[in-house]
Amino acid sequence: MSLLPSQKPDAPDGDPRVIGVDSEDADRVLSALSAGTARTMLTTLHEEPATASELADEVDTSLQNAQYHLGKLRDADLVEVAGTSYSEKGREMNVYAPTDAPLVLFAGDENTGSTVRSMLGALLGAVAVLGVASLLVQYLAERVFAPSGGVSTASVETASNAAWGVPPGVLFFLGGLLVLALAAGYRYWR
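Each step along the sequence shown adds one to the number in UniProt numbering, with nothing skipped, and position 27 is 27.
Hints listed in this document are in silico derivations from the structure and should not be mistaken for laboratory results.
As the structure is a computational prediction, the values presented were derived from the model and not from experiment.
No residue lacks a Cβ here, since even glycine has one placed at the ideal position from N, Cα and C.
Do not take every clue at face value.
The calculated label-pair distances, taken between Cβ atoms and stated as ranges, are [to be verified]:
| id | residue 1 | residue 2 | range |
| --- | --- | --- | --- |
| 1 | L178 | S87 | 44 to 54 Å |
| 2 | V166 | G83 | 41 to 51 Å |
| 3 | L182 | A128 | 10 to 20 Å |
| 4 | E58 | G125 | 21 to 31 Å |
| 5 | G125 | G175 | 16 to 26 Å |
| 6 | Q64 | V166 | 45 to 55 Å |
| 7 | Q67 | A128 | 35 to 45 Å |
| 8 | Q67 | L140 | 50 to 60 Å |
| 9 | R74 | E47 | 12 to 22 Å |
| 10 | A35 | V166 | 55 to 65 Å |
| 11 | L180 | V21 | 19 to 29 Å |
| 12 | S31 | L140 | 21 to 31 Å |
| 13 | Y139 | L180 | 15 to 25 Å |
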């Protein structure tokens with residue numbers, strides 16, 4: 001329990017950080033994440049920013065070990081000091097948070113990195129469009145093709161039972177994801 005006010009920022013959201021396997025950044029990232037304790041600490045920080053002592057308690061390790069791994073995670077630009085907190089004794093403590101939400105490690109040259117980044121952006125955009133289209137399909141299925149919309153009750157019941165009781169919008173979304181996965185797989189293997 002702290003006697004003085006503290007600031008605890010939320011973990012940031014951001015664009016994916018794309019790192020090539022052959023880069024110096026990859027050496028630092030892989031070295032920092034080689035220990036299970038460091039991976040657990042990074043996962044914990046993505047849930048909620050914390051001080052070194054809070055992290056040590058959370059992952060059941062010593063404060064010195066937590067500080068060691070935080071140093072390696074900071075060197076790899078995976079975490080940063082995002083604020084301050086005060087102990088019961090009034091000591092100022094750093095609050096750590098992840099620097100990037102997603103991290104992508106790829107094998108290839110720098111041109112591949114920009115391709116990976118653009119493919120991720122296109123895929124996220126396609127999933128967003130698919131989500132909106134699924135909502136429209138669900139709306140149409142519930143409002144336009146409902147019994148009061150001129151279609152018989154029997155045909156609506158038959159259509160909904162044919163899909164094992166799964167809403168049409170969900171089926172449309174899952175089918176669209178399958179098509180996107182097949183298209184991405186084709187593009188990858190080509």
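Measuring from beta carbon to beta carbon, are Q67 and A128 in 35 to 45 Å?
holds (41 Å)
Given the hint of 15 to 25 Å, is the C-beta distance from Y139 to L180 inside that range or not?
holds (22 Å)
Range hint 44 to 54 Å (beta carbons of L178 and S87) holds or violated
Taking Cβ atoms as reference, L178 and S87 lie about 53 Å apart, which means the hint holds.
Distance restraint hint 55 to 65 Å, applied to the beta-carbon atoms of A35 and V166
Taking Cβ atoms as reference, A35 and V166 lie about 43 Å apart, which means the hint is violated.
With 16 to 26 Å as the target window, see if G125 and G175 comply at their CB atoms.
Hint holds: Cβ distance 18 Å, inside 16 to 26 Å.
Just tell me: holds or violated, for the beta carbon distance of S31 and L140 against 21 to 31 Å?
Violated, since S31 and L140 (Cβ atoms, about 53 Å apart) do not stay within the stated range.
May I ask you to test the hint 50 to 60 Å on the CB atoms belonging to Q67 and L140?
holds (57 Å)
When you take the CB atoms of R74 and E47, is the distance between them in 12 to 22 Å?
holds (18 Å)
Taking the CB of E58 and the CB of G125, does the distance hold inside 21 to 31 Å?
violated (36 Å)
Between Q64 and V166, does the C-beta distance stay in 45 to 55 Å?
holds (53 Å)
L182 versus A128 beta-carbon gap, inside 10 to 20 Å or not:
holds (19 Å)
Taking the beta carbons of L180 and V21, is their distance inside 19 to 29 Å?
holds (26 Å)
This entry does not satisfy hints 4, 10, 12, going by the numbered hints stated previously.
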